[in-house]
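Modelling step: build the complete structure from the supplied sequences, incorporating the hints.
Each chain is listed here by its residues.
2 protein chains.
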Amino acid sequence: MTDIKTEVENAMQHAADAFLIFKKTSGKQRADFLRLIGKEIVDLGDTLIQTVIKESHLPEGRVVGERGRTVGQLEKFADLVEEGSWREAVIDKGDAGRLPLPKPDLRKLLIPMGPVVVFGAGNFPLAFSVAGGDTASALAAGNPVVVKGHPAHPETSLLVASAINKAIEKSGLPKGVFSMIQEDGIESGKLLVQHPVAKAVGFTGSTIAGMALVKLASERDEPIPVFAEMGSINPVVILKDALKNKYASIASNLVASINMGTGQFCTNPGLIVTTKTDGFDDFVLELSKQVSQTSGARMFSNGVLRNYQINADKVLSHSTVQLVAKGIDADAEVVPPAVATVSASDFIKHPQLHEEVFGPFSLLVVCDDDSQLVEVLANLKGQLTATLQAEEEELGKNQALINLLVEKCGRLLLNGVPTGVEVGAAMQHGGPFPASSDSRFTSVGVDAIKRFVRPVCYQDFPDHLLPLELQNGNPLSIWRRVDNKWTREEI
Amino acid sequence: MTDIKTEVENAMQHAADAFLIFKKTSGKQRADFLRLIGKEIVDLGDTLIQTVIKESHLPEGRVVGERGRTVGQLEKFADLVEEGSWREAVIDKGDAGRLPLPKPDLRKLLIPMGPVVVFGAGNFPLAFSVAGGDTASALAAGNPVVVKGHPAHPETSLLVASAINKAIEKSGLPKGVFSMIQEDGIESGKLLVQHPVAKAVGFTGSTIAGMALVKLASERDEPIPVFAEMGSINPVVILKDALKNKYASIASNLVASINMGTGQFCTNPGLIVTTKTDGFDDFVLELSKQVSQTSGARMFSNGVLRNYQINADKVLSHSTVQLVAKGIDADAEVVPPAVATVSASDFIKHPQLHEEVFGPFSLLVVCDDDSQLVEVLANLKGQLTATLQAEEEELGKNQALINLLVEKCGRLLLNGVPTGVEVGAAMQHGGPFPASSDSRFTSVGVDAIKRFVRPVCYQDFPDHLLPLELQNGNPLSIWRRVDNKWTREEI
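First to last, the protein sequences are chains A and B.
Each residue of the first sequence is one higher than the one before, counting from 1145 in my numbering.
Each residue of the second sequence is one higher than the one before, counting from 1145 in my numbering.
Bear in mind the hints are in silico, worked out from the structure with no lab data behind them.
Errors might be hidden in some of the hints.
For chains that are exact copies, the list does not tell them apart, and a pair is met inside one copy or across any two.
As the list claims (entries may be wrong) - Restricting the straight-line Cα-Cα distance to at most 20 angstroms, the calculated cross-link-like pairs of lysine to aspartate or glutamate (EDC-like) are: (1) 1359 to 1582; (2) 1629 to 1219; (3) 1247 to 1566; (4) 1629 to 1223; (5) 1525 to 1366; (6) 1629 to 1232; (7) 1390 to 1604; (8) 1237 to 1223; (9) 1594 to 1627; (10) 1594 to 1582; (11) 1168 to 1313; (12) 1470 to 1538; (13) 1594 to 1551; (14) 1334 to 1363; (15) 1168 to 1232; (16) 1594 to 1232.
Since we're looking at a predicted model, the values are computed, not measured.
Structure representation (structure tokens):
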């Protein structure tokens, strides 16, 4: 058996070698490759579905849905790179007659950065694990990927890795385009991030683990970017009119969102903030009723379960916090949803109540008035999402509140629930620190590709030696900025 | 007199307050403000020019030119934000009828991150100092700026700061939109980078200072991005046919580029790499002749001069290095250009010869053959630029070499010299580490604005409450990605 160090060294060296070839593939070639990965994953059939269920305790519907999302992500990145405009080609034509000096011809486009290390996420055994969004976006850009498999679903990881490897073989790509390291401990992850060949890191998980990776990467001789999507409590703010008119539907939608996937989503609504105004008592009653009638499910692993119990107990046993309701307590393995409440002033006083409780848990913060509500929100750290529950009419007079929420989050929702993250060009999944380590990028949606590329500029190159994206004839028919105008025309 | 700590605290608090107002200004308002800064700088008239000359020892022509560039940069950013497409609006329209779940309406755009700390650069007392590219791009995006003035040109800094302050007053903007701290030491710089209000840092200077800032920023409770544009030796590679046919013009262009601004440019060609083939001896002879006939000039400061002498001596006294020629040695204050030579094998063996010598100095690396030339380049660290001197006909067979250079740099030039950095949309001024701390961004050209913004996504918001950039009617007529198509149409 190879030791971890050798395994990491081999994977990274193969990635470095493969990069020389993979970076030269066309968008069409990479699109075919990504679609083939999707097909190979589907071809794993029920074996994959049953393995995920066994390892994650997720219900079959969710697993099938997540497989669909995983394949859909691969296809969206395939469409993106096949179309080609993602390279952000910019052309400033030269002018030999400019005075006092001739203007050079400058042409810029995005190119892949090099091997990317991806940490499989525990809470999306397919969509954010071995062939998930991080891997798909890194491969789409032309970067080899080395995955550290999540120890909670090793068999799932092996199956998906085999699908990627088949796609590599059928596409005639070098093997080093993808490798996976499996280990229960943290040694291989450290070695991967520290390896000189690594150019970027993708991670979804806890703040502690994410920040450890950020630190490791910043201490390298050559610091590299780490895209860590970390904790978030995703505040849901209920304004007065909405509370009065829609408390019942808000309560039931919230409870469904809190309990969805046993609360194991980074967008789980862990904080509800409202004022003690008309409808408040009814809202709490309804929330309490809905929660009490709801059954829980098993969490991903005993480790996740243990952490949930510790963190939920920490909040629930806090002297300022009262339990509102707990769901149906079936057996020791099942975690029912729970909602607790605290006054705004106590919440502000105790920052430990601002920490994420990963699981089906939410804390209701009760404000005396609007100004206290603003104070609560001003005290929050960066968030992936913030949600406003409001009647359209009351939004106009709450512009300051909206501005404040925009400062705090990456995605601001109106009258929805934060769970259910759409995979599209307009998605922003990444917020101000500590929601993610770099708020300028998203880890969901096609713009996730921007994390793993850098611009390079060609000055005064002859047309036929330029990348196709920058040639006068625009043979790929992509959108380009030519002399500050957007166009798909040739020059 | 206020102490440094209080001064920093005040500047940052004022910046935080000003951000609440400044971020809400329209693109037109910020464009007017940036143009007004330019006008106020021009209105400083000869006082500014003479002050820069006194403090920097730069010739009047360069100073007037640099003022033009500074005002030009402000105008380019003004044009950019007035036009508005830089916000990268992306709209994925909702679909209430989608199954199994309705599709939300998602709309994303770039927003300013918050107060930016800018370190005035020593080598561009106007264009990369108080109102230089970093400040212009941060302000253009809607971020307040706190500048740490460079101690080599305090009077210049004060004059330019007064121009910005006048523009702030005339525009009716809050004073905290801009502040400047002046100090000879490093205490204020540390405090600024560590201040919780700071959201990003712009810096141009040495690797040591840049990396110290990167470290400080990464050790904060909330790590923030540092855009440090650091050292580079900007290799110039001369291929065989070009060497044979054009050695004379290459030599004279190179010497002019090496000596330009007394070599005090980050794009100074500090490394020349070629093979000992036809024309080589003539090239060295010509280089030697050109250098010997060239006069130097004074450097910015005694500190810069001292560092140049130490670093040039370190290379020149290396046992493997021979001096090719030195320019006219007028007096002790003037630094003439110098070119030295080393064999490829010795260069590869001694990484200390790969370090930047900031000043009018270049090292000629002599290779036995093409494969050694590739080896030399493969051994280089990341660079801002790389230049190929070649006949068009010989480029085709050197595709592997071109690919290698692309990996190493941010801008690849053909048959030019790396000095003279065009300010445009297609410019990339920033290369793989250690040329800059984040190769995904440029510090020159309008795309520099991307360093200081982050995306935010609105989900299911009513049209009239969305930012203008995201409203159906597209009232600003900007380019947007709507359902994955580029368009300026309304929805």
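So, going through the hints one by one against the coordinates:
1. 1359 to 1582: both (13 angstroms within a copy, 16 angstroms between copies)
2. 1629 to 1219: So residue 1629 and residue 1219 pass the 20 angstroms test across copies only (17 angstroms; inside, 30 angstroms).
3. 1247 to 1566: This pair counts as between: shortest inter-copy Cα distance 8 angstroms, intra-copy 44 angstroms.
4. 1629 to 1223: For residue 1629 and residue 1223, the Cα distance is within 20 angstroms only across copies (12 angstroms; inside one copy 24 angstroms).
5. 1525 to 1366: Between. Shortest inter-copy distance 10 angstroms satisfies the 20 angstroms Cα cut-off; intra-copy 30 angstroms does not.
6. 1629 to 1232: both (13 angstroms within a copy, 14 angstroms between copies)
7. 1390 to 1604: Cα proximity of residue 1390 and residue 1604: across copies only (17 angstroms, versus 63 angstroms in one copy).
8. 1237 to 1223: between (29 angstroms within a copy, 18 angstroms between copies)
9. 1594 to 1627: For residue 1594 and residue 1627, only the inter-copy Cα distance (18 angstroms) is at most 20 angstroms; the intra-copy one is 23 angstroms.
10. 1594 to 1582: both (12 angstroms within a copy, 13 angstroms between copies)
11. 1168 to 1313: This pair counts as within: shortest intra-copy Cα distance 17 angstroms, inter-copy 53 angstroms.
12. 1470 to 1538: For residue 1470 and residue 1538, neither the intra-copy (32 angstroms) nor the inter-copy (75 angstroms) Cα distance is at most 20 angstroms.
13. 1594 to 1551: between (22 angstroms within a copy, 17 angstroms between copies)
14. 1334 to 1363: Classified as both: same-chain Cα gap 12 angstroms, cross-chain 19 angstroms, threshold 20 angstroms.
15. 1168 to 1232: within (17 angstroms within a copy, 28 angstroms between copies)
16. 1594 to 1232: Close inside one copy (10 angstroms) and across copies (13 angstroms); limit 20 angstroms.
The earlier numbered hint that this structure contradicts is number 12, and it is the only one.
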